[in-house]
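Number of protein chains: 4
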Amino acid sequence: MNEKRPIRVTVWGENRVEQTNPVVREIYPDGMHETIAGAIREHLGERTEVRTATLDDPGHGLDGAVLETTDVLTWWGHLFHEDVADDVAAAVQQRVLDGMGFVVLHSGHLSKPFKRLMGTSCNLRWREADDRELVWTVNPAHPVVQSVPPVFEIERQEMYGEFFDVPPPDELVFISSFTGGEVFRSGCCFLRGKGRIFFFSPGHEDYPVYHHVHVRRVIANAVLWARVEQPSPVDTSTCVESPRGWFEERA
Amino acid sequence: MNEKRPIRVTVWGENRVEQTNPVVREIYPDGMHETIAGAIREHLGERTEVRTATLDDPGHGLDGAVLETTDVLTWWGHLFHEDVADDVAAAVQQRVLDGMGFVVLHSGHLSKPFKRLMGTSCNLRWREADDRELVWTVNPAHPVVQSVPPVFEIERQEMYGEFFDVPPPDELVFISSFTGGEVFRSGCCFLRGKGRIFFFSPGHEDYPVYHHVHVRRVIANAVLWARVEQPSPVDTSTCVESPRGWFEERA
Amino acid sequence: MNEKRPIRVTVWGENRVEQTNPVVREIYPDGMHETIAGAIREHLGERTEVRTATLDDPGHGLDGAVLETTDVLTWWGHLFHEDVADDVAAAVQQRVLDGMGFVVLHSGHLSKPFKRLMGTSCNLRWREADDRELVWTVNPAHPVVQSVPPVFEIERQEMYGEFFDVPPPDELVFISSFTGGEVFRSGCCFLRGKGRIFFFSPGHEDYPVYHHVHVRRVIANAVLWARVEQPSPVDTSTCVESPRGWFEERA
Amino acid sequence: MNEKRPIRVTVWGENRVEQTNPVVREIYPDGMHETIAGAIREHLGERTEVRTATLDDPGHGLDGAVLETTDVLTWWGHLFHEDVADDVAAAVQQRVLDGMGFVVLHSGHLSKPFKRLMGTSCNLRWREADDRELVWTVNPAHPVVQSVPPVFEIERQEMYGEFFDVPPPDELVFISSFTGGEVFRSGCCFLRGKGRIFFFSPGHEDYPVYHHVHVRRVIANAVLWARVEQPSPVDTSTCVESPRGWFEERA
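Chains as they are written, first to last, in our numbering: chain E, 201 to 451; chain H, 201 to 451; chain V, 201 to 451; chain S, 201 to 451.
No lab work stands behind these hints: they were computed from the structure.
Honestly, I wouldn't trust all of these hints.
Which bits of chain E does chain S cover? Going by a derived footprint, with three or more residues having C-beta under 8 Å, they are [said to hold, decoys possible]:
(1) 367 to 376
(2) 436 to 442
From the structure, some residues in chain E lie toward chain H, with a derived Cβ separation under 8 Å [said to hold, decoys possible]:
(3) Phe363
(4) Val383
(5) His414
Predicted model only: the values in this text are computed from it and were never measured.
Each residue gets a CB set at the ideal place from its N, CA and C atoms; glycine is no exception.
Put together the whole structure using the sequences plus the hints.
This is the structure we're talking about:
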C-alpha cells in the first residue's frame, strides 16, 4: 500500500516491422513500443518508471536483472514470435508466476510466454480489412474501465473474432464487435500464481490504434491493475513438506 | 445418475400478447409457451415430461404442488412482470435455491424471480428494429452448445445490448452481435444455492425466434444442463448450529 | 487514478451489544465500529477520511447525504438485522450497484443489504466454542492479501462453516479451517453493478478479533480494493432504448 | 444428447509402486487403475466402456488410436511423471483441447499433461502422516456432488494443503480440511478449449482411498461431468482468416 515507490514498467516490442515497413514507420516513427510507453507515461507520470526493450536487444532486452526489476511487463509481438528464445519465454512465465504483472497486447496472444501461461492454443478468427471496432464495457465495477466510456470506437482495425481459445477469463472487462458482425472478448484478466495478466486486443501495426485516446487509457489502467506491490510470501517454488505441527512450531 | 425418471419441465409464459396482438398470434397461434414446450419435446422426447402454465392461470399456474414437482422451470414474460404476485415470485426464487433448474428467456430478464435471484437491476440496452443477431459460441466445452454451430444467425430480432446489469456469469456461453454493432452476453449460467439458472436472450414476441432451429436446440440443451437430478442434502434452510463434536457423533 | 482525493469510508456498526454486554464492552470499549475504523486509519492514514454510523443514529446514520458521500461502507451487524429499515437496506443496495464499495464483516452475512445483493439465503454453519481459526491465502495475486502471511491464526473464534449459501464468489481470496475440521470461504469478492463487495468472515463480538494485526490489515486492504474511484458512466438506472444509429449520431 | 453411445473411458495409472511395494499391492492387488476402473463400472455400468492403460505399456498405452477413441481419460501418477514421454503429454493436452474429458487424480497434479494445461507450477503443501481428511461440498448445485453427502471423512490420508498453485478454478466443488488445520481446494473444474478437466485430490497409494464409497462416487460423477458428447465444430487448430462477407457467403 506504499504508493511511494514507482511502478517499474518494461514495455517490450518486436520493433522490426517499424524498421522495414514505411506505412508502420509513419504511424509509429519511434517504434510501437515508444508509443505504448508514452501512453503509460502520459497517464501515470511519476507513479511509474518506464523503460523499453525489443526483440533485437541482447537477450531480447529481458535478462534476469531486467525481469527482476520489472513490476509490469507489456508485450507486443506479431510476426516474430518464434524468434523469442525459449529460455526467455520460460523466464517471463516464471516471473509472472512469481508476481510480475503482464499486459499482453493484440497479436501478443500467440507469443510464447502468453501461450505457456494459458495452456491453450490461443488461436482466434481474424481479418485485416479496415473494420470498425466498437469496444464495450461489460464490467463497470472493474478498475481497468476507469475513465473509459461505456463504448468507444476504433475507426479502422484488424478484426479479431471468436472463438478465442483461451481459458475462461477470471474477469471479463471488454467485448468488441466488428463491421462483419464478429465479436471478441477484447479485455480479459487472468490471475496465475502470484501474478496478474491482462490481455487487451485492440492494436495493430498498420493502424494508429496506440494513439487512440481510450486505448491509451486502458493500457495505463491495466498497468495499475496488473501491478502487485509486494508479491505474496507464499512459496510456490516447490512442493512444501509440512510435518505435523509445523504451523505451531514455526519460529 | 438414474436417467430413467423423466425431467419434469414446466414452461411458463405470460400468454397475453398472444391473445391481443394478431401479429404475435400468427407467429405463435398456440401461445409462445406451447412453441417453447414443443422445442423441448422435440429434442428431449421421452426424457422429459413437459407441461405449461401461464400468468392468468390460478396462482399463475405455479402453486406449491406444481413447483414441488418441477425439475426445470422455463420463464417467458415481458409486459406484465408486475402482475406476478410477490409470493409466487418468492416461491420460485426459493425453489431455485432448493434445487430447481430455471431457464429464463429474453424479456424474462426483468421478471421478479430473476431479479430477486440476481440482486442487480438486470437492465440493458434495447431496440426493436429488425436487427440481425449473430450468436457466437465462446465456450465450446459447455454442454449448452452441444450440436449448435460456432455462430448462427437470427434474421430479425430485437436488439439487446450491453451493459447488461447482472452479476458476472458463473459461465459465459454465448455472445451476440447486432446490426448496430451492439454486443450482448446472450447465454449466461448462474449457480445459486442448490439450483442452476440459464439466461438466454434470443426470443421476442414479434419475431418467430422460438421456431429457429438452433434456438430450439439451445433451450433443450439448457433444460438438460439446468436439471439437478437429486438436490444436494446440504441444509440451507437456516443457519445450522454444529456443536463441537457434531461430526464425530452424528448417527 | 487521481490518488489525491481521500477515500471516504463509513464504518457502520450495530453498537448495541457493546452497550449491554460487559464482556463485549471490555474488548471494544468504544464500540466495535471504532475499533474497525481505527484499523483503517492505522493502515491508510491520510488516504482515507473515516467516519462511523450506528443502528440507533437517526436513519441508522445512513441518510442519502451520507451514502452519496461514501466511497466504501463497512458493515458489522449481528442480532438486530431486522431493526434496519427496509428503505435503508434498499438504499445501501442501490448505492453499491451505483459504485460504492461494500465491506461486509462476519455476522453481516445475514444483513438485509447483503442478502438483497446476493439473492441467496446467505445461511451457514456455526458454533461459538473458542475454536482456533486458521486463515489461508488461496489467491496470492490478489490485492487483499498484500502484506498478509500465507496463513495466520485467530486463537479463539466463532466457527463459521460450509455450506455458505452465497453465489460462487467472483474471486475467492481466503479459506479458513476451524478446530472441529470445518472449512469456510472466509474472504470472498463479488462485483455487482458498478460496485465492489468484499465479505470477510473473521470477527465476533465476544472475541478480540478486530484487534488482530492481520485482520486489521485485511480490512484496510479490502477498503482499497472495494473503492471505485470514479463510478462508470454506464447507465443502469433503466433499460436504455437505443434507436438505430444512436451511436453514430451521439453528440 | 444421444445417451445411447457409451462413454469411452480410459483409466491411466503408473502401475509401478503396486508392483514393488507390498503395502500398496495389498491395498490394490490389481493395481490402482483397476480399482479406479471398477468405481466407474460400478456406478455407470452400461453407460460406459472402461479400459485401462499404464506407464509401461507401449506408448504408455496412449497411442493416437486410443486417445482418439477416448471420451474421458482419468490419470493417476506419482513418482514417475518424468518417465512420461513429452510427445505423449503433448498429445494428451491436445486431445483435451479438442474435446476429451480429463479427470486428474491426487498426485497427478504434477503430471506433465496437467501442468501443460494449467500453465502454473501446480505445487502444493503436503505431509504423509495419517491425517484425517474431511471433504466439504461448497457447490451443491454441481453435478459432481450428486449423491455425495455435504461432508465426508477419509480416515487416513496424505495431507494436501494450500497454496495450490493452479489457476482459479472455473468451478470450485470441494474444499478439504486436514488434522493439522490445513485446507485444500480438493475438487476443481477447468474448461480448456473444447475439453473439460476435473481435478480431485483424495487418493494415495498407501491408503485405501479408492475403495472409499464417496470417493468412488465422485470419480464416476466426474466422468459424466467431463464427457463432451460431441465436440464443438469450432475450429481451434489455427488462426482462421475470415474475409469480409465470409459469414454471408458460407455454403
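Structure-based check of all given hints:
1. 367 to 376: It holds, with 3 qualifying residues against the three required.
2. 436 to 442: holds (count 7)
3. Phe363: Nearest chain H Cβ about 6 Å off; hint holds.
4. Val383: holds, 5 Å
5. His414: Interface hint status for His414 of chain E: violated (16 Å vs cutoff 8 Å).
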